[in-house]
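Line by line, the protein sequences are chains A and B. First residue of the first sequence? That's 7 in the numbering used here, and the numbers climb one at a time after it. First residue of the second sequence? That's 7 in the numbering used here, and the numbers climb one at a time after it.
No lab work stands behind these hints: they were computed from the structure. Given the structure is predicted, the values throughout are model-derived calculations rather than measurements. Please note that the accuracy of each hint is not assured.
It does not matter which identical chain is meant; a pair holds if it fits inside one copy or across any two.
[To be verified] Straight line, CA to CA, 30 Å or less: simulated BS3-like cross-link-like pairs of lysine-lysine: (1) Lys170 - Lys159; (2) Lys389 - Lys76; (3) Lys392 - Lys437; (4) Lys333 - Lys319; (5) Lys161 - Lys459; (6) Lys170 - Lys76; (7) Lys116 - Lys161; (8) Lys101 - Lys73; (9) Lys452 - Lys437; (10) Lys259 - Lys161; (11) Lys134 - Lys272; (12) Lys161 - Lys246; (13) Lys256 - Lys162; (14) Lys487 - Lys259; (15) Lys161 - Lys73; (16) Lys319 - Lys162; (17) Lys458 - Lys505; (18) Lys441 - Lys458; (19) Lys101 - Lys91; (20) Lys76 - Lys162; (21) Lys162 - Lys458.
Protein chains: 2
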Amino acid sequence: MQRLGPLSREAWATLTLQLLRPPCAGASLLSPRVLGGLVQPPAREFAEARLKIQLESDKEKSNFVIKTPKGTRDLNPQQMAIREKILNAVIRCFKCHGAKGLDTPVFELKEVLTEKYGENSRLIYDLKDQGGELLALRYDLTVPFARYLAMNKIKKMKRYHIGKVWRRENPSINQGRYREFCQCDFDIAGQFDPMIPDAECLKIIYEILNTLQLGDFLIKVNDRRILDGMFAVCGVPENKFRFVCSSVDKLGKMSWKDVREEMVGKMGLASEVADCIGDYIQQHGGGSLVEQLLQDPKLSQNKLALEGLRDLKLLFEYLTLFGITEKIIFDLSLARGLDYYTGVIYEAVLLQAPTRQGEEPLGVGSVAAGGRYDDLVGMFDPKGRKVPCVGLSIGVERIFSIVEQRMEATEKIQMTETQVLVAAAQKNFLKERMKLIAELWDAGIKAEMLYKKDPSFLSQLHYCEETGIPLVAIIGERELKDGVIKLRSVASREEVDIKRENIVTEIQRRTCES
Amino acid sequence: MQRLGPLSREAWATLTLQLLRPPCAGASLLSPRVLGGLVQPPAREFAEARLKIQLESDKEKSNFVIKTPKGTRDLNPQQMAIREKILNAVIRCFKCHGAKGLDTPVFELKEVLTEKYGENSRLIYDLKDQGGELLALRYDLTVPFARYLAMNKIKKMKRYHIGKVWRRENPSINQGRYREFCQCDFDIAGQFDPMIPDAECLKIIYEILNTLQLGDFLIKVNDRRILDGMFAVCGVPENKFRFVCSSVDKLGKMSWKDVREEMVGKMGLASEVADCIGDYIQQHGGGSLVEQLLQDPKLSQNKLALEGLRDLKLLFEYLTLFGITEKIIFDLSLARGLDYYTGVIYEAVLLQAPTRQGEEPLGVGSVAAGGRYDDLVGMFDPKGRKVPCVGLSIGVERIFSIVEQRMEATEKIQMTETQVLVAAAQKNFLKERMKLIAELWDAGIKAEMLYKKDPSFLSQLHYCEETGIPLVAIIGERELKDGVIKLRSVASREEVDIKRENIVTEIQRRTCES
Numbered sequence: 007m008q009r010l011g012p013l014s015r016e017a018w019a020t021l022t023l024q025l026l027r028p029p030c031a032g033a034s035l036l037s038p039r040v041l042g043g044l045v046q047p048p049a050r051e052f053a054e055a056r057l058k059i060q061l062e063s064d065k066e067k068s069n070f071v072i073k074t075p076k077g078t079r080d081l082n083p084q085q086m087a088i089r090e091k092i093l094n095a096v097i098r099c100f101k102c103h104g105a106k107g108l109d110t111p112v113f114e115l116k117e118v119l120t121e122k123y124g125e126n127s128r129l130i131y132d133l134k135d136q137g138g139e140l141l142a143l144r145y146d147l148t149v150p151f152a153r154y155l156a157m158n159k160i161k162k163m164k165r166y167h168i169g170k171v172w173r174r175e176n177p178s179i180n181q182g183r184y185r186e187f188c189q190c191d192f193d194i195a196g197q198f199d200p201m202i203p204d205a206e207c208l209k210i211i212y213e214i215l216n217t218l219q220l221g222d223f224l225i226k227v228n229d230r231r232i233l234d235g236m237f238a239v240c241g242v243p244e245n246k247f248r249f250v251c252s253s254v255d256k257l258g259k260m261s262w263k264d265v266r267e268e269m270v271g272k273m274g275l276a277s278e279v280a281d282c283i284g285d286y287i288q289q290h291g292g293g294s295l296v297e298q299l300l301q302d303p304k305l306s307q308n309k310l311a312l313e314g315l316r317d318l319k320l321l322f323e324y325l326t327l328f329g330i331t332e333k334i335i336f337d338l339s340l341a342r343g344l345d346y347y348t349g350v351i352y353e354a355v356l357l358q359a360p361t362r363q364g365e366e367p368l369g370v371g372s373v374a375a376g377g378r379y380d381d382l383v384g385m386f387d388p389k390g391r392k393v394p395c396v397g398l399s400i401g402v403e404r405i406f407s408i409v410e411q412r413m414e415a416t417e418k419i420q421m422t423e424t425q426v427l428v429a430a431a432q433k434n435f436l437k438e439r440m441k442l443i444a445e446l447w448d449a450g451i452k453a454e455m456l457y458k459k460d461p462s463f464l465s466q467l468h469y470c471e472e473t474g475i476p477l478v479a480i481i482g483e484r485e486l487k488d489g490v491i492k493l494r495s496v497a498s499r500e501e502v503d504i505k506r507e508n509i510v511t512e513i514q515r516r517t518c519e520s
Numbered sequence: 007m008q009r010l011g012p013l014s015r016e017a018w019a020t021l022t023l024q025l026l027r028p029p030c031a032g033a034s035l036l037s038p039r040v041l042g043g044l045v046q047p048p049a050r051e052f053a054e055a056r057l058k059i060q061l062e063s064d065k066e067k068s069n070f071v072i073k074t075p076k077g078t079r080d081l082n083p084q085q086m087a088i089r090e091k092i093l094n095a096v097i098r099c100f101k102c103h104g105a106k107g108l109d110t111p112v113f114e115l116k117e118v119l120t121e122k123y124g125e126n127s128r129l130i131y132d133l134k135d136q137g138g139e140l141l142a143l144r145y146d147l148t149v150p151f152a153r154y155l156a157m158n159k160i161k162k163m164k165r166y167h168i169g170k171v172w173r174r175e176n177p178s179i180n181q182g183r184y185r186e187f188c189q190c191d192f193d194i195a196g197q198f199d200p201m202i203p204d205a206e207c208l209k210i211i212y213e214i215l216n217t218l219q220l221g222d223f224l225i226k227v228n229d230r231r232i233l234d235g236m237f238a239v240c241g242v243p244e245n246k247f248r249f250v251c252s253s254v255d256k257l258g259k260m261s262w263k264d265v266r267e268e269m270v271g272k273m274g275l276a277s278e279v280a281d282c283i284g285d286y287i288q289q290h291g292g293g294s295l296v297e298q299l300l301q302d303p304k305l306s307q308n309k310l311a312l313e314g315l316r317d318l319k320l321l322f323e324y325l326t327l328f329g330i331t332e333k334i335i336f337d338l339s340l341a342r343g344l345d346y347y348t349g350v351i352y353e354a355v356l357l358q359a360p361t362r363q364g365e366e367p368l369g370v371g372s373v374a375a376g377g378r379y380d381d382l383v384g385m386f387d388p389k390g391r392k393v394p395c396v397g398l399s400i401g402v403e404r405i406f407s408i409v410e411q412r413m414e415a416t417e418k419i420q421m422t423e424t425q426v427l428v429a430a431a432q433k434n435f436l437k438e439r440m441k442l443i444a445e446l447w448d449a450g451i452k453a454e455m456l457y458k459k460d461p462s463f464l465s466q467l468h469y470c471e472e473t474g475i476p477l478v479a480i481i482g483e484r485e486l487k488d489g490v491i492k493l494r495s496v497a498s499r500e501e502v503d504i505k506r507e508n509i510v511t512e513i514q515r516r517t518c519e520s
């Protein structure tokens, strides 16, 4: 733009328009299609000039506010330092359980995502049809994983995947909900003996929440088969299972009264049916509730419910062996929004300390969730061959908000790992600084210098204090003459001369100790 | 879908359509808009049913092939392991130079990307307008960085950013070019003394290519001001500078003859003008070529060229201090495609060993590139306040292809970090295995077990060999009675009894040693 030439914009525009033969008749002269379309070579130069004029006038028109798109945000270096710590802990745990890494494209063929997320499908971001395939940004990491398994005919795999996903939700940013957010998924695919991988998934959630020291938490567990069995014995028509399940999922955000109203008013369930559901879903407890429901005269007659309850019983046995039952609760109201779950489902919530004695602990929202989805891979296989899967997703955004708040309050966050600043005591030492810092870099030492020919000594010390660099390697006239480097500890202000040939070893020794 | 009920699809469809009152007259009954639009509560349940029918029929129609979108790919665990190694080396180097982390959303407001990439703008992926802002996937990490600086009024920052970018190119996948690919960027923003940060950027490229041991390489250097000065003294009209610059950029992919033909035939340059450019851009050399051009009677009369040459002279001095000039070449034909560069530009290419004696080494394409862009931040500032920047981008995809080929040929790639498999020697030891593995996990040991109640001993050993797990912790009747665990080294087949209470320490000791 800056180099359009000595002609004024208007004169240039007139000239261009005179010279221009539109690539097709009827096309608007300033049609934005030129941007995406292919312009033939002879017209190209002028089309580009024309485009530039158009863009320039667009620019003048818009004068837009610089921001990130709605529901998204940048992560500044301080936030990145915190995020790195959290992700490292999560990845370490996943690797501890033998998971392999996997990466998939951020967008999928639109059809891959269709029919997987129930009413949430409207939250999917579609890409513009730019003369290619119909594409959409992924909504989670589970469907791409299932697509990957089916596409490569993989029958068995334990993988983790850290990546962003996108949902066009109306974000209430204060609660740490964004339209772009990071998920950390661990999944086990394969035909195995019941509940062994499922129990490991719960153990992983437990380990991660423990390691991150987020405060007290609870992992709610239920089973889609128990929900479906319960709907059946209460008399819900089968074609309404999904909708009723979605309603149940709202319990917690909505009162039972409102959920009941939705069931009766909107879905046309009979009052007795809704009340029957209400009696069940207000129950929660431990392994003993599973035993109790196995004796429930109605529920135990339903094949699906019975399967679910028997599996939950086994699950509780395994969780006892893993020593984590004190954090697990069997909660019949847990439904999970996603369509693809077929068996055990779970969701971890953080508990706030009760404000007054005797009050129930308040959940501050889900920080991890998952479940079993035995049919999803089969949906991608031409012959419908199933690969049973179970997995979990860590909601790092919410965890991140909590840790960020806590760290901001208590500690100074180190954003760089620099070990030493190469500084000069007098003027005209740029060359010496550059020679020395190159030596340090070549030895793998994390080193910085100020990008000034002659920075003041004070500004160099100040930079160390500001950014947390612990050591300063100082060159001056005397040091150069004596063949030494003065090494200064920023914290203690102690200075000691080190022979130039020993400086690398000495810095390595000191940074090893700390 | 599986639970639409006992009615046949056709019967259900008829029923639904009878009951349905379309939310607005004239809307097609099977309009796909329902997917994205908001349907009012009373009609919602039926609209959902209607949607499901539509989706089902879509599904029947399409019967699509499961694949990743054109120009994209999954990274399998083996590829992820290689990528992790490369990225760790790159990040380590960036941190070694004191860079802070930064993350930005994968999409930006469309306007942020407009007018930054010249004719490449047509390669930008736009998001569908779903009733929100006009958005586009980022094309590189530089423009988001500049937007971040301007938005937050940051005048000084040294950051790195690892992330994916998207370009709708026609991918020639064999050459390692994709529409979705990863970039690793390091940039220094701020007003500093000339060429000090620029020299550091070149040092970083040198260090990374050295560390990754990709074979011989060369870093070409030029300056946009020298190019513009050269165009001026050769008699190119100023409004054609950009187009001629793009042509020059094609040298290497195209012969000089073809580039000349483009300049004369398409752009209407006089033959003498093209030949004058040709004389210059076919020159390359070291610092001495800079000196020589500083004496060039025509070029040295041009203010811009003179500035560029003087800066390059200083740059070569600094690169000498950094000890890396043997890999640097001043190449007047280097132009770089992107619009935003204003000063020094550079590009690193790998060299293949010449096939026959006396042949010139063959470039295998760019693996790193960058340059100075002093005006980009100002384009986002309402008052146009500039923040000079210089930076580099490592082309990890190409590097990744090279390392992948090499590693596949020479070594077995370890995809997991599991240290020990918890195994049983006899049947009915699932509970004991689960108790032991929970202990190991709690101690931070990377452990796996097979998800079978009674796996055969052989299948457990086989799993270790297959996945590279070095140790097996074995429980059996005797071990349980004696209060020991048998620890087996997979490689040596040695087995030794360890007291149950010492097993954690012993595994930690052994894995520390290796």
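_Of the numbered hints stated earlier in the document, which are not met by this structure?_
The structure conflicts with hints 10, 11, 12, 13 and 14, although it agrees with all the remaining ones.
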